[in-house]
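Asks: From first to last, the protein sequence lines are chains F and P. Taking the numbering used here, the leading residue of the first sequence gets 980, the next gets one more, and so forth. Taking the numbering used here, the leading residue of the second sequence gets 980, the next gets one more, and so forth.
Keep in mind the hints are simulated off the structure, nothing from the lab. Bear in mind the structure is a predicted one, so any value in this text is a computation, not a measurement. Misleading hints may appear alongside valid ones.
Since the list gives no way to pick one copy over another, a pair counts as held whenever it fits inside one copy or between any two copies.
List time: in silico DMTMM-like cross-link candidates among lysine to aspartate or glutamate, alpha-carbon distance up to 25 Å [claimed, not checked]:
id	residue 1	residue 2
1	1038	1246
2	1148	1252
3	1121	1246
4	1121	1252
5	1121	1272
6	1146	1265
7	1178	1085
8	1121	1261
Protein chains: 2
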Amino acid sequence: MTGTNRQVTLAARPTGFPKESDFKLVESPIPEPNDGELLVRTTFLSVDPYMRGRMNDRKSYAAPVQLGEVMTGGTTGRVIASNNDKYKPGDDVVGQWGWQEYAVSDGRGLRSVIPQAPVSAHLGLLGMPGLTAYFGFLEICKPQPGETVVVSGAAGAVGSLVGQIAKIKECRVVGIAGTDEKVQWITDELGFDAAFNYKTVDNISQRLSQLCPRGIDCYFDNVGGPITDAVFSNLHTGARISVCGQISQYNATETPMGPRLLFRLIEKQAKIEGFLVFQYADRHQEGLTQLAEWLQAGKIKYRENIVDGIENAPSAFLGLLQGENIGKQVVKIWEP
Amino acid sequence: MTGTNRQVTLAARPTGFPKESDFKLVESPIPEPNDGELLVRTTFLSVDPYMRGRMNDRKSYAAPVQLGEVMTGGTTGRVIASNNDKYKPGDDVVGQWGWQEYAVSDGRGLRSVIPQAPVSAHLGLLGMPGLTAYFGFLEICKPQPGETVVVSGAAGAVGSLVGQIAKIKECRVVGIAGTDEKVQWITDELGFDAAFNYKTVDNISQRLSQLCPRGIDCYFDNVGGPITDAVFSNLHTGARISVCGQISQYNATETPMGPRLLFRLIEKQAKIEGFLVFQYADRHQEGLTQLAEWLQAGKIKYRENIVDGIENAPSAFLGLLQGENIGKQVVKIWEP
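With the rest of the complex left out, here is chain F:
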């Protein structure tokens, strides 16, 4: 197959908040699949907060993207040519081939989409964010009926699911988000018991104390920083905190400082645990099955913010870092 493959590569390592010029749209010929390989054409790509970490020249739990390399990330696509026994042209697959319109794969790391669900949902509810919410909340927080659960980043891909899972588990759920529209969505549409816009309250801790008069039993943290500090002032004895993300800190140029919080853990006999979705890899199928079941039963609602065209992937990502999306942010690359 001849033609042009457009890719977004890392052009510069950002200092602080990334800029459009840290990315570069490049063109190359569409690659040819060898024996055992297949060619996939991207339908959707995912932009997620963790990608900010991959832009730094520092080994974290995963290797950084190198300068000139295609940006990493979850993708869906349709197989358009195949020398691979497992996949045939026309198959819709999910993978990790990053920000590009075409890719060759030997099939490793690919899985087929669930036909009953929209393809793009495999980057959200039925993908990494869904599994993150499911395992990170249930396994670490172990929520009990009647407990108070607070979620930060509550209108994002993961947070909006955590709140709904907490409602399924019969908890009282309070969401923290950054716009009034988000607050309205999670309370009116998703069934959160309460929510507030942290940017417009005078005192986050005080607002939390009003909304959680018996203290916070479970906290699912997507953001870190002052919001999380305020949660720490309102913990109930025996609280469990699941640390999923710290998006408020990802663009820091110096070591972020904050109030020391370990004594509060003693006082409240509380636990904080960080996790990566990969650590539950052997149970992913269980999570996907349960999430799909809740979706079909109408117990979970799902929303996407869709931007069109690979050339807009960088701005979609920058918008995500600024909290512009409601629900899962995806970039639509091609409609078969």
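Mind docking chain P on chain F? Use the hints.
Replies: Structure of chain P alone, referenced to chain F:
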């Protein structure tokens, strides 16, 4: 019984590091036991870091000591008069009657000493510090053979036991302490694999990285602050941190600030948990039995720093806050 009861009361709430003048030695008549009560004469009293918190006018997990009230704390004593069916004169008991030479009790909260062990050991190895080490380390860190365990405050009442329990569990143990003499004791006498004086190393994090080349699997934290920050830079994936105390922070006059550490928990899929020994109350007998068995088998060594006379309890406590003790700090009040 007539005579004088000397007591140490809280005279002033300290700002920052406490002073001798925050305490007052007062005299009162020896109290008389009523029906069902007994009179006990104190043999030893315990001074412990948690008492600093009780001197503040802030409800933490326990109520503060009121101005003019006898200082709180663990005690041992001999029953010298009794109208109580459970205890008779001559019995040695352990309780919580605080910094005074005599006290009346209705028997609640008292227990008998284990005759095979020295009386004073019931304030350390066979008391609150021993149970703190036993449950706080084993239940939260869940150490596995071959893992690397770091203990701060490693020559104190709790830390010295945690390190020895970790050795019994076949871990590699590194202790952090504040004098060369302490370092020598825990390595030469207690069998820690390595230890260092944090006051004389150039870079705590670097020293830890040399001594823990495979990273730190378990950390038992007695101190908090910069020592704990350095541990966070050296965690192994899946690390478990038990937060027992934060003695470096107890005299702070402003909210202590430090590097934000939650992202590291994500990166390392690590857990921090704070605890109070009381939460394991229903298993205390199990802990005491095991600790006594280890002591008799020579698997655990035990050291006390003994100061004489109730008038010296304040200075013993102030010395403890400055790290002057090796092993358990007790005050000897009376030798029957």
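Asks: With reference to the structure, classify each hint as holding or not holding.
Replies: Hint-by-hint comparison with the structure:
1. Taking the shortest alpha-carbon separations for residue 1038 and residue 1246, only the inter-copy value of 10 Å comes in at or below 25 Å, while the best intra-copy value is 35 Å.
2. In this assembly of identical chains, the alpha carbons of residue 1148 and residue 1252 lie at most 25 Å apart whether taken from the same copy (20 Å) or from different copies (24 Å).
3. In this homomeric assembly, residue 1121 and residue 1246 come within 25 Å of each other (Cα to Cα) both inside a single copy, at 20 Å, and across copies, at 21 Å.
4. Taking CA atoms no more than 25 Å apart as the test, residue 1121 paired with residue 1252 passes in both settings, with 12 Å inside one copy and 15 Å between copies.
5. For the homomeric pair residue 1121 and residue 1272, the shortest alpha-carbon distance inside one copy (20 Å) is at most 25 Å, but the shortest distance between copies (36 Å) is not.
6. Within a single copy, residue 1146 and residue 1265 get their C-alpha atoms as close as 20 Å, which meets the 25 Å cut-off; across copies the closest is 39 Å, which misses it.
7. For the identical chains of this complex, residue 1178 and residue 1085 are neighbours neither inside a copy (47 Å) nor across copies (56 Å), given an alpha-carbon limit of 25 Å.
8. In the homo-oligomer, the alpha carbons of residue 1121 and residue 1261 lie at most 25 Å apart both inside one protomer (19 Å) and across protomers (23 Å), since each shortest distance falls under that limit.
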